[in-house]
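Note that the protein sequences, when read in sequence, are chains A and B. Numbering follows the working numbering, in which position 223 of the first sequence is assigned residue number 223; successive positions increment by one, without gaps. Numbering follows the working numbering, in which position 27 of the second sequence is assigned residue number 27; successive positions increment by one, without gaps.
No lab work stands behind these hints: they were computed from the structure. Because the structure is a prediction, the values reported are computed rather than measured. Virtual Cβ for every residue (Gly too), placed ideally from N, Cα, C. Incorrect hints may appear among the rest.
[To be verified] Each computed DMTMM-like pair below joins lysine to aspartate or glutamate, with the alpha-carbon atoms no more than 20 Å apart: (1) B:K383 <-> A:E69; (2) B:K384 <-> A:E74; (3) B:K384 <-> A:E89; (4) B:K387 <-> A:E144; (5) B:K384 <-> A:E51; (6) A:K165 <-> A:D63; (7) B:K383 <-> A:D221; (8) B:K387 <-> A:D63; (9) B:K383 <-> A:D63; (10) B:K384 <-> A:E69; (11) B:K384 <-> A:E114; (12) B:K387 <-> A:E129; (13) B:K387 <-> A:E51.
[Stated by the list, open to error] Have a look at the derived ranges for each label pair, beta carbon to beta carbon: (14) A:S56 <-> B:N345: 58 to 68 Å; (15) A:G37 <-> B:Q367: 21 to 31 Å; (16) B:A400 <-> A:Y210: 54 to 64 Å; (17) A:R125 <-> B:A400: 47 to 57 Å; (18) B:K403 <-> A:E119: 32 to 42 Å; (19) B:A400 <-> A:S147: 16 to 26 Å; (20) A:E59 <-> B:Q349: 23 to 33 Å; (21) B:Q349 <-> A:N6: 54 to 64 Å; (22) A:Y86 <-> B:I365: 52 to 62 Å; (23) A:N186 <-> B:D356: 54 to 64 Å; (24) A:N186 <-> B:E417: 51 to 61 Å; (25) A:N110 <-> B:T364: 37 to 47 Å; (26) B:E417 <-> A:K14: 39 to 49 Å; (27) A:K14 <-> B:D340: 44 to 54 Å.
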Amino acid sequence: MLQIKNLHASVEDKEILKGINLEIKAGEVHAIMGPNGAGKSTLSSIIAGNENYEVSEGEIFLDGEEISELAPEERAHKGIFLSFQYPVEIPGVSVTNFIKTAINESRKANGKEEMPANEMLKLIREKSELLEMDRKFLSRSLNEGFSGGEKKRNEIFQMAMLEPKIAILDETDSGLDIDALRIVANGVNKLKNESNAVLVITHYQRLLDYIVPDFVHVLMDGKIVKSGDASLALELEERGYDWIKQEQEV
Amino acid sequence: MAFEEKIDTTSELHEVRNNAIKNFEAKGFPTKKEEAWKYTSLNAILKNDFSVFPKKENTIEFKEVKKFFLHEIDTYKVVFIDGIFSSFLSSTTHDGLDVCLMSSALTKPKYKMVIDTYFNQIANTEDSLTSLNTAFSLEGAYINIPKSKVVEKPIEIIYFSTGVENALMVQPRNLIVVNENAHVQIVERHHSLNENPVLTNSVTEVFAQKRAIVDYYKIQNDVQTANLIDNTYIAQKQESHVSVHTFSFGGNITRNNLNFYHQGERIDSTLKGITIIADKQHVDHYTLVQHATPNCESHQNYKTILDGNATGVFNGKIFVEKEAQKTDAFQQNNNILLSDKATINAKPQLEIFADDVKCSHGCTIGQLDDSAMFYMQQRGIPKKEAKALLMYAFTSEVTASIKIPELKAKIARIIAEKLGVKMGFDL
Numbered sequence: 001m002l003q004i005k006n007l008h009a010s011v012e013d014k015e016i017l018k019g020i021n022l023e024i025k026a027g028e029v030h031a032i033m034g035p036n037g038a039g040k041s042t043l044s045s046i047i048a049g050n051e052n053y054e055v056s057e058g059e060i061f062l063d064g065e066e067i068s069e070l071a072p073e074e075r076a077h078k079g080i081f082l083s084f085q086y087p088v089e090i091p092g093v094s095v096t097n098f099i100k101t102a103i104n105e106s107r108k109a110n111g112k113e114e115m116p117a118n119e120m121l122k123l124i125r126e127k128s129e130l131l132e133m134d135r136k137f138l139s140r141s142l143n144e145g146f147s148g149g150e151k152k153r154n155e156i157f158q159m160a161m162l163e164p165k166i167a168i169l170d171e172t173d174s175g176l177d178i179d180a181l182r183i184v185a186n187g188v189n190k191l192k193n194e195s196n197a198v199l200v201i202t203h204y205q206r207l208l209d210y211i212v213p214d215f216v217h218v219l220m221d222g223k224i225v226k227s228g229d230a231s232l233a234l235e236l237e238e239r240g241y242d243w244i245k246q247e248q249e250v
Numbered sequence: 001m002a003f004e005e006k007i008d009t010t011s012e013l014h015e016v017r018n019n020a021i022k023n024f025e026a027k028g029f030p031t032k033k034e035e036a037w038k039y040t041s042l043n044a045i046l047k048n049d050f051s052v053f054p055k056k057e058n059t060i061e062f063k064e065v066k067k068f069f070l071h072e073i074d075t076y077k078v079v080f081i082d083g084i085f086s087s088f089l090s091s092t093t094h095d096g097l098d099v100c101l102m103s104s105a106l107t108k109p110k111y112k113m114v115i116d117t118y119f120n121q122i123a124n125t126e127d128s129l130t131s132l133n134t135a136f137s138l139e140g141a142y143i144n145i146p147k148s149k150v151v152e153k154p155i156e157i158i159y160f161s162t163g164v165e166n167a168l169m170v171q172p173r174n175l176i177v178v179n180e181n182a183h184v185q186i187v188e189r190h191h192s193l194n195e196n197p198v199l200t201n202s203v204t205e206v207f208a209q210k211r212a213i214v215d216y217y218k219i220q221n222d223v224q225t226a227n228l229i230d231n232t233y234i235a236q237k238q239e240s241h242v243s244v245h246t247f248s249f250g251g252n253i254t255r256n257n258l259n260f261y262h263q264g265e266r267i268d269s270t271l272k273g274i275t276i277i278a279d280k281q282h283v284d285h286y287t288l289v290q291h292a293t294p295n296c297e298s299h300q301n302y303k304t305i306l307d308g309n310a311t312g313v314f315n316g317k318i319f320v321e322k323e324a325q326k327t328d329a330f331q332q333n334n335n336i337l338l339s340d341k342a343t344i345n346a347k348p349q350l351e352i353f354a355d356d357v358k359c360s361h362g363c364t365i366g367q368l369d370d371s372a373m374f375y376m377q378q379r380g381i382p383k384k385e386a387k388a389l390l391m392y393a394f395t396s397e398v399t400a401s402i403k404i405p406e407l408k409a410k411i412a413r414i415i416a417e418k419l420g421v422k423m424g425f426d427l
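Looking at chain A on its own, in the form it has when it is part of the complex (with noise of 0.2 Å):
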């Protein structure tokens, strides 16, 4: 489904991604795990279409096609979906009508007409209750005030309603009391199927305790330095990331 090749990146010309590789396949849950400053979230950004990187080689591919020059609306409407770490707060317009526009200029990119009314709020009453989110709360500008663990919710919220084809969830877990963590975590679980696949990225590995991934993926000064399953990241726990560096030197 997703297949990264070579991937080099860089911000004002300082280079964060060194060569990646990478395959995720529909019906996968992936994690890629690495100390600060690795180039995690870039490579969730560069992934998502932020214009601010530069890829300077390599190629991103979805189902086949190579994304890499696209926007990042574009790439929305393929059915890339990012969970941001920092989500945007935008007052003045409520959740439901975010998601309502988000919803009917993806419809209209892919050439559909718009979600009827009375689909749209069956719809959001079904996936807000999958999230345990409040109704007053579907009515509360976007992320405007919201705590951390709210501001989760909703970007999985979002996420339940668009229904991507890969969903990166970028440090998901920061911020979230183990309530919420739960609650995040289920609603992926329950979202995730066969035609879809999951790439999550983060530091710690306490979300991965509820999103169990198939492959567990370390990211190291820009490179993919080791891959495993899900007991890699039990490991890491356990022992930190320096063995691994010093693997890498020997």
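Based on these hints, arrange chain B on the given structure of chain A.
Positioned in the frame of chain A, the structure of chain B alone reads:
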């Protein structure tokens, strides 16, 4: 002068008018040499040969102008066409409150006491444009809300210009008296129906008595050849709350002189504005809040979005007199420039003579936030729509306090239209 025959020289207003003429003749139109007019020049528009009185009565059909009204709800209406009252488009009343015409208030004996007490009492008699209006204004809205009356319907004051005259100068004059505990909402609008140049020099006096609540909304979304100088003077007695929202979305030159004078304790004044203009449009907000009494608050919040060659001015003056202890005065002015050729001149002016006050001001000039753009695009919202949503969000502190839902929806629609987008919902 030729105007003399048109105005009533026998009334007691004769002297007031005469003094005003003298003041205007002595000072003339303001020029950029004056500090208060440093950024706004009237030279180009004054080259037109304006007629001061329309040659004949012009009419318009309601369906042509329906969209300029809050037509979804019932309102009182005082409507003028080329400066002349249109009884056909209006809906006035004398039933429990007065919503009627300045011309009758100035001439009929039953209004004499109110006119003597209030007319030209708060307007700045030294100001040349105000004097010009005082000298020649014939018509406008007269609103008098008696004690404890809560007016259920908003009052719309609308001035249309037909453009039948080649170039017209109109001098509307409004007097609004809101007595103790009374509550009223007013919407004012000026609109030209074709491209002939118009210069409107409007003067409005508002008197808010004890505990009165006045919410005043000004919609300025006129055609490219229309010019507006709005002089609004507001006097507030103790515990009154007055808010003025000014929406400047179009016109050639728009100048808003908004003046608040405090005459009692625990007064609350709100001055808010949204300016969204492009091309060569020019909007100048010149505000004054005169804190003269203790324990009062004023809140100013002006948002500006400029594109093309547009120029904006915000000059906000807060004056805190020695007696005005415990004043809480706040001023915020945020500006977004969408083009390299757009200009904003922002000038906060705080003059504080009391020692126990809380006064703050903030002014920002910037572009749209990149990370917010990326966030919205990531959710599938294209650049243009994302930009519009962000700009709408930028103005939301002002739209949030519009108390008439239909007006709020209308303003949101105008904003969406100005930003060139169609949203899937009413913003």
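- Task: List, from low to high, the hint numbers that the structure doesn't satisfy.
- Result: 7, 8, 9, 12, 14, 16, 17, 20, 22, 24 and 27
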